[in-house]
Each structure stands twice: as C-alpha cells, then as structure tokens.
Amino acid sequence: MIGLSHLKEDATLVNVKDKLFAKLLRSRVSFRLSKEVPAVPIPLLKYQPQVSASKVGYVYDEKMCRHFKKDENERPKRIKVIYEKLVTEGIIGRCSKVEAKKAKEKHLELVHSKNHIASLKAACSKQSKKRNTEAKKFDSIFLNEKSEECAAFAAGSVLQLAKKVACDHLTSGFAIVRPPGHHAEPSKPRGFCLYANISIAAKYLLNKTSLGIKKILIVDFDIHHGNGTQNIFEDDNRVLFFSIHRYGKKDQELFYPGDPGVGSYDRIGKGSGVGFNVNVPWENDFGFGDADYTAAFDYLLIPIAQAFKPDIVLVSAGFDAAPGDPLGDCCVSPYGYYTMISKLMNFANGRLVLALEGGYNLDNLANSALSCLKALLKDEHVSSEQIPVKDSTWNLILK
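Numbering (full-length UniProt numbering), first residue to last: 1 to 399.
Please note: incorrect hints may appear among the correct ones.
As a list, the in silico BS3-like pairs of lysine-lysine whose alpha-carbon atoms are at most 25 Å apart [stated by the list, open to error]:
| no. | residue 1 | residue 2 |
| --- | --- | --- |
| 1 | K215 | K55 |
| 2 | K114 | K104 |
| 3 | K136 | K188 |
| 4 | K146 | K129 |
| 5 | K136 | K126 |
| 6 | K70 | K85 |
| 7 | K114 | K80 |
| 8 | K214 | K309 |
| 9 | K55 | K126 |
| 10 | K97 | K164 |
| 11 | K208 | K163 |
| 12 | K114 | K55 |
| 13 | K215 | K146 |
| 14 | K106 | K249 |
| 15 | K188 | K106 |
| 16 | K164 | K101 |
| 17 | K106 | K129 |
| 18 | K163 | K309 |
| 19 | K249 | K309 |
| 20 | K146 | K208 |
| 21 | K104 | K121 |
| 22 | K130 | K114 |
| 23 | K80 | K130 |
| 24 | K97 | K146 |
| 25 | K208 | K309 |
| 26 | K129 | K101 |
| 27 | K97 | K114 |
| 28 | K208 | K97 |
| 29 | K136 | K55 |
| 30 | K121 | K101 |
| 31 | K164 | K378 |
| 32 | K106 | K55 |
| 33 | K69 | K55 |
| 34 | K343 | K163 |
| 35 | K214 | K164 |
| 36 | K63 | K80 |
| 37 | K188 | K129 |
Read the hints as simulated data drawn from the structure, not as lab findings.
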C-alpha cells in the first residue's frame, strides 16, 4: 500500500496502512497476482440529469488563446475544441458561466516568489529574440508578449471558480484554461506551465478562513507527474495530493518531468506533510487504461480520501492519457474519465473543481472534457469496452 501511515484523521494518529488494508480485505474478494486477475468492473452509472444550470459552472475566455507558438503541442485550439464540443452537445446552455479574471499579484504570491512573477513579466515585455532567449533558460517553456497575461487569466479563473464552489454558489465546475499549471514551481515556470493554477486556488481557499475550507484533496490524473503541486504542498498536511502518472523510462529517457525519485511511490511528503503525498507511478510501461485507473481509485485513492475527509476536491484534469495522444501512449476512454469524476463527486458534498492541464489529441481532448462535464451534471454515459488490469498495476497497488 502506498504510504500514508502518518495520516491524521481528526486529531488522532492512525495506522492507515493497516486500517485501509483490513478494510479492503473485508469489503472485497482477495485477489492473486496472476494472469487470471479479472478486470476491475466499471459499472454503468445510472444517473439521471438532476443538476440545474445554475449549479455547475465553467470558465472559458478566448483571451487565453493569445499565448502561443507555432508547432507547439500546447496550443490555443485545445481550449477552443473543448468549448465548441460543449456547445454542440448542448452542455454549455445547462451550465453557469463564471467570468474569467486575471489573478491579482497578491494571489500569485501565495505560491510564487516575487522574482518569478517579475521575471515572467519582464521576459514577455522584451523583443522577440530576447524573449526567446529568456524562455530557453527554462524547461519546456515558450513565451510571447501575451504569455504572462494569459497565465494570470488562467490562474485567476481557476481561483474564481473554486471560490464560487467553496461558498456554495455552485456545486462544481470546470475551468477551461491555458496555459496549464501543475508543473510550475514556486520559483520557476516549467513544462508549458507558467503559474501553478490549482495550487494558487488551493492556497487562497485555505487562507480565506471565512470559507471554512480546512482540508483539500488535489487529484492529478494528467499523464505527467504534478511535480509543481507536489513541491508546493509536500510539507502541508491540509492538502492531500494524489497523482497518477507515467514514470520511468521512455525511449531511454525518463518520462517527463524526469526528475529521479520525485514522482516515485515512496515520495510521501516531508515534515508535517509526511503521508499526505500519494504517487501512483506507472513504471516503465505504457498503454494503461480505464481498468488500471479504476483500480488505483478503488484500492488507493478512495479509502485514503475517506479517511482524510476533504472539504473540497480540486482536479488537475489533464487528458493526455487518452488514446492517440502524442505524449501519453495510454488509452483512458471518455468513460474512464467520467468514472473517475463520478467517484470523486462522493466527497466534500460534491464540491469539485476541475482545471484543464494537458491533453494534445484534439478530438479525444474534447470528448474527454465533455465526459467530465456530463459526470458533473450527472448525465448517463455509455460504458466503454472492458480491458483487464495490468499485472504491473496490481504490483504497484500492493507496494
């Protein structure tokens, strides 16, 4: 079991490893690690549409399309195709629009250093050649004259949506934003990410005591490890961070972000945050799908989250584990994403905020995002073909 032996439930220190494993043994048929292990059942959830338009929110603004560079995977069309799909399917008309707003500098500083913010602004104000030189100082970053402004809109939009859900103006929502945020660290941008969108929102909610948010679950199912989010909350026991991601080698190189040990299953936090950082790394393999993610949720995330009892759930919703993604090499279907979101809605009275991270196959990106909003609206979804759980997934769960 991934280590959460130091997790506190209320004020009492409990041995969660033993408690959760015993619970799993009581509630499920014991399984053996063999070729005969059955697929995890993914039942069709018989939800009826019952969430009104005023209760599920979304943020979208084409201002965030102004950050771009030719031939980059992280491009403006990513958010456009999601929005167009939601319009075509009649979803947008059933949701409440939240105005996109730039994050104030004081909110950015909840996570980022003053130097980080000032450096980004300065780089974006330079002439093209000098700006490109500045961007090359960082890992997988591109900049144009509008990049910092777009990033501030992305961070501020996630914050606005999270605030409305936290104060119960909305039950849940999806921030269709870019650039993404989960790789950004306190002192540097990284991996297409300029500001740490989800982390800024989480810090704001925790600091705004009038909202009553004392514990936050952050779930990151982007195919890449949320190194930035982990870095920011690794010593904070108010935040339980759960990341499912590929890890290990791809074509003889470490899978991005590629920091040795950072995304490992035994990286469980530090200081007061020991036990509150949970990594589920798909190691040295690819092709993980719905059943693998469902197994990780059912045998790891859900029991741990039940013990943690979050007041709100924030989701780094990256869709680069979908089929055909040029970076992910996995096969999570739209129904797989629907299932994960549906399971998360059982926590925090359904207070759930999704923020777009990765996902670069445009068709599957749009369909996956559509499925997530269908889950928030409690619409039915057609089940996908069942694929057996990989042996490596069971081995990881038992570590």
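Does K136 pair with K126 here, judged by a C-alpha cut-off of 25 Å?
It holds: about 14 Å lies between the C-alpha atoms, which stays within 25 Å.
Taken at face value, is the distance from the CA of K129 to the CA of K188 at most 25 Å?
Holds - the C-alpha atoms of K129 and K188 are around 20 Å apart, at most 25 Å.
For K114 and K55, compute the direct alpha-carbon distance and say whether it is at most 25 Å.
Violated. K114 to K55 sits at ~36 Å, over the 25 Å cutoff.
Take the C-alpha atoms of K214 and K164, compute the straight-line distance between them, and say whether it is at most 25 Å.
Holds. K214 to K164 sits at ~16 Å (cutoff 25 Å).
Next pair to validate is K164 with K101; report whether the Cα-Cα distance is within 25 Å.
13 Å, holds
Has the given pair, K129 with K101, been kept, meaning a C-alpha gap of at most 25 Å?
30 Å, violated
Mind checking the alpha carbons of K214 and K309 for me, to see if they're no more than 25 Å apart?
At roughly 10 Å apart (the allowed maximum being 25 Å), K309 and K214 satisfy the hint.
Starting from K97, check that the Cα of K164 is at most 25 Å away, please.
Given pair K97, K164 holds - Cα atoms ~11 Å apart, limit 25 Å.
Is the hinted pair K121 and K101 satisfied, with a Cα-Cα distance of at most 25 Å?
17 Å, holds
Assess, step by step, whether the Cα of K63 is no farther than 25 Å from the Cα of K80, and give holds or violated.
11 Å, holds
Against the 25 Å threshold, does the CA-CA distance of K136 and K188 hold or violate the hint?
Roughly 12 Å between the alpha carbons, so the hint for K136 and K188 holds.
Check the hint pairing K215 with K55 against an upper bound of 25 Å on the C-alpha distance.
The given pair, whose Cα atoms are some 22 Å apart, holds under the 25 Å limit.
Consistency with the previously given hints fails for numbers 7, 9, 12, 13, 14, 17, 19, 20, 23, 26, 27, 29, 32 and 33, ordered from lowest to highest.
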